[in-house]
Amino acid sequence: MQDLGIRVLIEGNNLYRLMGGLLVTVKIALISVIISIIFGIPFGIVMTSKNKLLRLVCRAYLEAVRIIPVMVWLFIFYFGVPKLTGIHLAGDVVSVIVFSIWGTAEMGDLVRGAVTSLPKHQKESGKAIGLTNVQIYRYIIIPQSVRRLLPATINLVTRMIKTTSLVVLIGVVEVLKVGQQVIESFVLQSPSASFWVYGFIFFLYFIICYPISIFSKKLELRWKE
Amino acid sequence: MDIDFILEISSLYLEAGKFTLKLAFIGIILSLLIGIFCSLVNYYKVKFLKKIVNWYIELSRNTPLLIQLFFLYYGLPKVGIKLGAFTCAVIGLAFLGGSYMAEAFRGGLEAVSKAQIEAGLSLGLTKAQVTRYIIFPQALAVSIPSIGANAIFIIKETSIVSAISLKDLMFVTKDIIGIYYKTNEALLMLVVAYLIILLPLSLLLTYVERRLRYAGFGN
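Which chain is which? The protein sequence lines are P and D, in order.
Numbered by the numbering used here, the letters in the first sequence go through residues 1 to 225 in order.
Numbered by the numbering used here, the letters in the second sequence go through residues 226 to 444 in order.
I should point out that these hints are in silico values taken from the structure, not numbers from a laboratory.
It cannot be assumed that every hint is accurate.
Unchecked claim - Output of the computed footprint for chain D on chain P, the stretches with three or more beta carbons under 8 Å from beta carbons of chain D:
| hint | stretch |
| --- | --- |
| 1 | 47-60 |
| 2 | 114-120 |
| 3 | 166-178 |
| 4 | 209-220 |
What the hints assert, rightly or not - Simulated restraints on C-beta separations:
| hint | chain 1 | residue 1 | chain 2 | residue 2 | range |
| --- | --- | --- | --- | --- | --- |
| 5 | D | Ile277 | P | Glu220 | 20 to 26 Å |
| 6 | P | Tyr61 | D | Pro362 | 56 to 62 Å |
| 7 | D | Ile254 | P | Lys224 | 32 to 38 Å |
| 8 | P | Leu54 | D | Leu424 | 42 to 48 Å |
Unchecked claim - In the DMTMM-like style, the derived pairs of lysine to aspartate or glutamate whose C-alpha atoms are separated by at most 25 Å in a straight line are:
| hint | chain 1 | residue 1 | chain 2 | residue 2 |
| --- | --- | --- | --- | --- |
| 9 | P | Lys52 | D | Glu434 |
| 10 | D | Lys272 | D | Glu335 |
| 11 | P | Lys83 | D | Glu335 |
| 12 | P | Lys120 | D | Glu434 |
| 13 | P | Lys83 | D | Glu434 |
| 14 | D | Lys381 | P | Glu11 |
No residue lacks a Cβ here, since even glycine has one placed at the ideal position from N, Cα and C.
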C-alpha cells in the first residue's frame, strides 16, 4: 500500500545493506582522493615549471582527461583495457584507477592555480635571501598555497563522491545497485518501494555532500583575508 | 582494428551524436533560464523566493545526476507521476545545470559596479530598465567563460542518460560491444564522437575567454 512504502527501508536488514552499499561508493571516492592528492601536488608543481616541453605534456594530459567524460574513461578501462592487454580488472579496481587519473588531473590544476596565484616577489625574495629551490617551496610557496588550496580540495572530495555514483554502470555493487536489489525483493509487498528507496539514496548523498561543501565554503570565507 | 566495421557503425554513432547534442542543447537552454532566474532572485534578495532558490541550489549541487535520474524515472511513477525517459533526462539536466549556471551568473552580477546602477537610476530609468539594459548585458559578458564551461560540463553529463535507456553515444557503444564484441572499434568511435563534439567547443571557449579579458569593461 502507498503509505506502507516507506517501511521497506526499515524492513529486515535493508537499511544496513543500503548503508553498506553507500560505504562502497565512499570508500572508492576516498581512496581515489588520497591517491589524487599524492600525485596531484607534484603534478601541479611540475605544471608551473619553466620547461616548455614538460608543460606541454602536462597540459595534454590534463586536457585529455578533462575533455572526455568520466563515464567514457570508465568504459575504456573496463571494456577496452582487458581486450587490449588481456588483464581483467574488477569494477571497483577500474573505478579507483579512473578516478585517480581524473582526480590527479583536477588536483594538479588546483595546485597550479594556487601556486601561480602567489605574487612573483614571494619567490624572488626567497631567492634573494639565498634559499635553495627546495627551501623556497618548503617555507614560502607551500604554506601559502595550502590556504588557497584546501577549500578547493575539499570541494573536490564532494565532486568525487558525486561522480563515483557512476560506478554502478560498470557493475560495481554500490548503494544504487543494493537499492535495486531491495526494490526487486520487495516488489510484491510494497509496489511503491522504488520511490522511497531512490528518494532515500538521493537524501543520503545530500546528507554526505552538503556538510562537506558548507565546510569548504566557510573555510574559503575565513581565509579570504 | 576493423575499418569496414567502423564505417558500418558510423551511421549509428552519427544518429546517437545528434541525440546527445539535442538533449544537451535543450538542457543548456533550460539551465540558462533557471540560472538567470535564480541569480536575479538572489541579487535582488526577493524575500520568500530567495529561500527556495537557495535550497534548490544546495540540493542540486550536492546530489549526483545519476541518482536524480533514477528517482525521476523509476521512483516518481510509483506515486503517480509518469514521465518519459527523455523528459526525465531534460528535467535532470536542467535541475543540475540550473544551479551551476546560477553560480556562473552570480559572479557576473557581482562584477557590475554600483556606479553603473546608480548612473542608470539617476538617468530616470526604472529598476526593470536598469536590470534589462545595464546590469544584464554587462553581467552576461563577464560570466560568459563560466557559462561556456558549464555548457561543456552539461554535454559531458549527458553521457549517463543511457542508464535510463536513452539511445545516446554510451548506449550505442554498449550495444555494439554486447552484440558484436568489437570493443576496440566501438570505444574508438565513442572517443572520436565526443572529441568531435567537445574539442571545437573547448577551443572556442579558450578563444572567447582570451578576447573577453581584453574587454575589461572600464577597469
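Hints versus structure:
1. 47-60: Violated, because only 0 residues of the stretch 47-60 of chain P bring their Cβ atoms closer than 8 Å to Cβ atoms of chain D.
2. 114-120: violated (count 0)
3. 166-178: holds (count 4)
4. 209-220: holds (count 3)
5. Ile277/D with Glu220/P: 20 to 26 Å: This hint holds: roughly 25 Å between Cβ atoms.
6. Tyr61/P with Pro362/D: 56 to 62 Å: 38 Å, violated
7. Ile254/D with Lys224/P: 32 to 38 Å: 34 Å, holds
8. Leu54/P with Leu424/D: 42 to 48 Å: 23 Å, violated
9. Lys52/P with Glu434/D: 22 Å, holds
10. Lys272/D with Glu335/D: This hinted pair holds, its Cα atoms lying about 19 Å apart.
11. Lys83/P with Glu335/D: Violated, at about 52 Å.
12. Lys120/P with Glu434/D: Given that 25 Å is the threshold and the Cα spacing comes to 24 Å, the pair holds.
13. Lys83/P with Glu434/D: Violated. Lys83/P to Glu434/D sits at ~41 Å, over the 25 Å cutoff.
14. Lys381/D with Glu11/P: Not satisfied, since the Cα-Cα distance of roughly 38 Å exceeds 25 Å.
Hint violations for this structure: numbers 1, 2, 6, 8, 11, 13 and 14, all remaining hints satisfied.
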